[in-house]
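A.B. asks: In case you want the letters, here they are:
There are 2 protein chains.
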Amino acid sequence: MYSGGYTGKILRIDLSNRTAREEPLPEEMARAFIGGAGLGIKHIFDEVRPGTDPLGPDNILVFAPGPFTAAGVPCASRMAVTARSPLTGAVGMALSGGEFPTEIKFAGWDAIIIEGKADKPTYVAIMGSDVSFRDASHCWGTLTFDCQQIIKNELRDQNVRVCCIGPAGEHLSRIACIVNERRAVGRKGLGAVMGAKGLKAIAIRGSGRVAIASEDKYRAARAALLRAFKASPVLYPEFSQHGTPMVADLTGALGVLPAKNWTATGEFVPIEGIGRDAQAARKIGREHCHDCPVGCGQLRVAGAGPYAGILTEGPDFETVYAFGSGVGIGTVDPIIAADRLADELGLDSISAGVTVSFAMELFERGILTLEETDGIDLRFGNDQALMQLLRKMAFRDGLGDLLADGSLAAAKKIGQGTDKYAMQVKGLELPGYDVRALKAHGLGYATSYTGADHCRGYAFQEVFGVPIPWGVDRFAAEGKGKLTIWNQDVRTATLDCAPMCAFLLDMAVPATACENTAALMEGVTGLVFTPEEVMRVGERVNNLARAFNVREGFTRADDTLPERLMTEPLKAGASKGHVISRQDLDTMLDEYYSLRGWDVSTGTPTRAKLIELGLAYAADALGL
Amino acid sequence: MYSGGYTGKILRIDLSNRTAREEPLPEEMARAFIGGAGLGIKHIFDEVRPGTDPLGPDNILVFAPGPFTAAGVPCASRMAVTARSPLTGAVGMALSGGEFPTEIKFAGWDAIIIEGKADKPTYVAIMGSDVSFRDASHCWGTLTFDCQQIIKNELRDQNVRVCCIGPAGEHLSRIACIVNERRAVGRKGLGAVMGAKGLKAIAIRGSGRVAIASEDKYRAARAALLRAFKASPVLYPEFSQHGTPMVADLTGALGVLPAKNWTATGEFVPIEGIGRDAQAARKIGREHCHDCPVGCGQLRVAGAGPYAGILTEGPDFETVYAFGSGVGIGTVDPIIAADRLADELGLDSISAGVTVSFAMELFERGILTLEETDGIDLRFGNDQALMQLLRKMAFRDGLGDLLADGSLAAAKKIGQGTDKYAMQVKGLELPGYDVRALKAHGLGYATSYTGADHCRGYAFQEVFGVPIPWGVDRFAAEGKGKLTIWNQDVRTATLDCAPMCAFLLDMAVPATACENTAALMEGVTGLVFTPEEVMRVGERVNNLARAFNVREGFTRADDTLPERLMTEPLKAGASKGHVISRQDLDTMLDEYYSLRGWDVSTGTPTRAKLIELGLAYAADALGL
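Sequence lines, in order, name chains R and L.
In terms of the working numbering, the first sequence opens at residue 899 and continues consecutively.
In terms of the working numbering, the second sequence opens at residue 899 and continues consecutively.
Just chain R, with the same shape it has in the complex (with noise of 0.2 Å):
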């Protein structure tokens, strides 16, 4: 039995009816998948019927922090939110950190669950084990950062915590993100999700703390995990002073950060005016997570010229690809101001800068001509179309209409092949590393439960180089199977499900992740795990999530890369001439089926290896 970490409860709000209730989190079901992304995804595949509509009032959205958040735990302060993806039609979880998932704990709650569909605009304040459903028309229409704001003074409490989605989740932007203070999540159109639920905002305060089950496992637990941290010669030293932008100078050195809708990577030039001491300079302060000891949260302030004192909590690094090499800009200041304006929106900052390059890419091509871009020179490298479109994104307006579910479904709706030019996997806009040059990436992005996922696509042996105890060459197709499930399932075990930020893996512990949550669940929990079942978690969560996209129709054909990747070379740069070809894919994906003990022709999870991960109602539920 736990004894710490969890409340054990989950309430579950019914916007339709308007009501709350609390259920139980069974024992069996932390074991199982210890919460997070694993709270998510177990509930999505039993409550979302095969084929709801995402932004039907049948999808759920789950917010699930984990059992070390609110505990006293570094890098604990996240949580997942689940929901069928607008964007792809497949499992749709992305991660957020701030002081939300912590309020979640507070509050009581392991997770919160919200169904149905409010008859107007509503947002939901929780008070503890209070809950009301308050009228949201008025905040309609605002900007995040606002209705955080408005909401707070309307419950005069400048304390409670609030997320909420801006003007691109209530116009049902397939890329809209929902933002709690100054963070998001994300990827995968959750945002509009929100919207179509007629929530603006979840506001939540609560007073009640988490229990340890053992102090002393806890401490040594804890200790562990901070000595690895200051062990890290990149955490201290480099994120928490500068955050993650010298990914970009990195990336650039190794020639793979790619460039004006990836058709020039390797030659994009300034990234010194993009990357780490750019950013630097314009550096005004950072913020934390709570109890994070890092910080990579970096204020930064545009300088001098037309967006002189915007300020942004950001870039990191994929920001600075999505509207900078990405777009062709090549200097930090549009890049901020385009960050803190896709925050303000509620836009995913990926997905909406690789739609603007998918956008401007065409408009160089002559596919778009002026006349459709509502007058825009929508040239690469032009900051004022930048900021132009995201606002027409965010409220459908004109051009922005047509981008504001994403490049693929804009592609569709142009025709003329344009699919080709649209950067994503599964409809999920792809993160900042040239796969060409990174192939455990491009397998990663092919087999991501989520699409083209930053987090759970990414493969730090390719780029930090960090000792495992398998060597990587980033050019080769081979190995790369193994390697990737490793990644995915140490991720999801330990990133997704724990959730924890995925600094401690990155960083920290990268070969002894799940030796420190499994030390971590029995210090806060009391619950006691091996590392190779918290590895087997991760397992179970890819392998449960697998089953949902298959009963919604995914395929191996599915599991696929932009056919430019396939077929182009890079041109220049590091990694100049190399390419991730049909065949690399297919023996890689090949590789990766027959180790993960699927099904290799259809990427179908057999039901034998369901049955070994406790998953027999999903092979039921597949028919297998």
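It cannot be assumed that every hint is accurate.
[As the list claims (entries may be wrong)] For lysine-lysine, the following DSS-like pairs were computed, each having C-alpha atoms within a straight-line distance of at most 25 Å:
1) R:K1050 x L:K1050
2) L:K1018 x R:K1181
3) L:K1050 x R:K1181
4) R:K1318 x R:K1474
5) R:K1474 x R:K1158
6) L:K1050 x L:K1015
7) L:K1181 x R:K1050
Treat the hints as calculated values from the structure; they're not laboratory data.
Based on the hints, put chain L in the right spot on chain R.
C.D. replies: Below, chain L alone, put in the same frame as chain R:
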């Protein structure tokens, strides 16, 4: 002896030495000046020596609420901020509401005096009696709302109240304001005084309460006031619901809403595009100052188009004029966006708008060309030009540097007789009432100790026609001396010294404001005042302020109006043909000085008058 209301303590903060000390508020000072502007003007008269550079270390800045602030009196969460104005060189006093004034009292202070100059950007955190000086280097360059949030996060207290300057104050723009939450200490460039002192912000929090001298008398006075509020046909029915933009409709109908830098009063057609109903259509909620039952602060959000989603608290009438008709803009959304932008940049909306309209007139006259405007098409009505220019003014970028000190300073630099297009008195830009057909307003602006001040020169009798003991012909010069003195003294005592919101006088108790203040004084503080004694405080403060200005070299010659208003009759509308001639003004000034007991030729208070008011030291200081 006062036994309630006052805390009896003034906090003096020396930024040069980073020291804070407590001073008593003597009862005789409370009796003579009540609080607010009275305390401020008394202190600058005593402490700011003649010729002191308003932007030097020897200017002081006095933040003073009043005896009713934080005492549960409606409309009393107000403070006066006083310094020598860098815009006018005269007394700089401006008021603001919100929560900050109340928090000063909760922290235990009747006033806060800031002196000296910090050697690096600093903010002061006042936690009750504990004062700390904190580095603000990182906040330098941030916009006002962001700055407030950064400081709340840094102090780990979301309930501190913060007032701060924006880039405009940092760049010593002489039209910079101080912003507290969504409210501004708007006029006379007090933001630049903070900027010159290196003071980015003041954060304050207190837990004290204000004693009430006589509960019965307090309750009776408070109840009488609330009854008067309820009886007003305007206050709850209109201002609670829609704020003050209906004044645009009203002045439009009277033919006195200035347009296009006062060249088109009465001609500007689309008042329906910017007035009450247009603003009401954008309303999403409202905000109240502490203990205010009215809540005139309207939250409005711009509709579809380039400003979609932008929220502001406002715009109030003056901003509708300054960013609307004054610059030739006839739609509501750009006004909302400009209001928000000015708040974030820390620019006074009236002075900024009028300065932009001045530049627009010069552009249309060919005096400023595209080369001098940095390529901006500065025609009247160009809303994008307005936004660009506001940013440039706050950062002193290009043309913005020329305009950053207001219209008169710009005219002096440009030369070519352009000062006749600068719509200002003593350097302070004119509010939105065309005095050619509102002659008491004209005399009020000409003689106000702060320049053309919407708070100090206002004559509600000409606009709302509220019954007072004399009839008012707004076109006539006769009798305006007496009316103006009455207005100035009653406003000074009840609105500036008490200080209470202007609605008290203009809408609730126009004929009995001094009676109400006297009753509240006795109930809250225990000090017994007759209504005449209250009025006498107003007279005393107006005389002392005048003495300050005389000492700085101001004479009758400075009590004047822009040449255009004295020579060009109104060309259209309900007040067509009217003008406020030089002779009109002289007639009114003669009557005014004479009734004031001032020397009619110089406008200097006589020794006898000053002695009568207990201001012998002022007479001595002036060598009378």
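A.B. asks: Compare the structure with each hint and give your call.
C.D. replies: Each hint, compared with the structure:
no., hint, verdict
1, R:K1050 x L:K1050, "14 Å, holds"
2, L:K1018 x R:K1181, "18 Å, holds"
3, L:K1050 x R:K1181, "18 Å, holds"
4, R:K1318 x R:K1474, "21 Å, holds"
5, R:K1474 x R:K1158, "16 Å, holds"
6, L:K1050 x L:K1015, "24 Å, holds"
7, L:K1181 x R:K1050, "18 Å, holds"
In summary, this structure violates none of the numbered hints.
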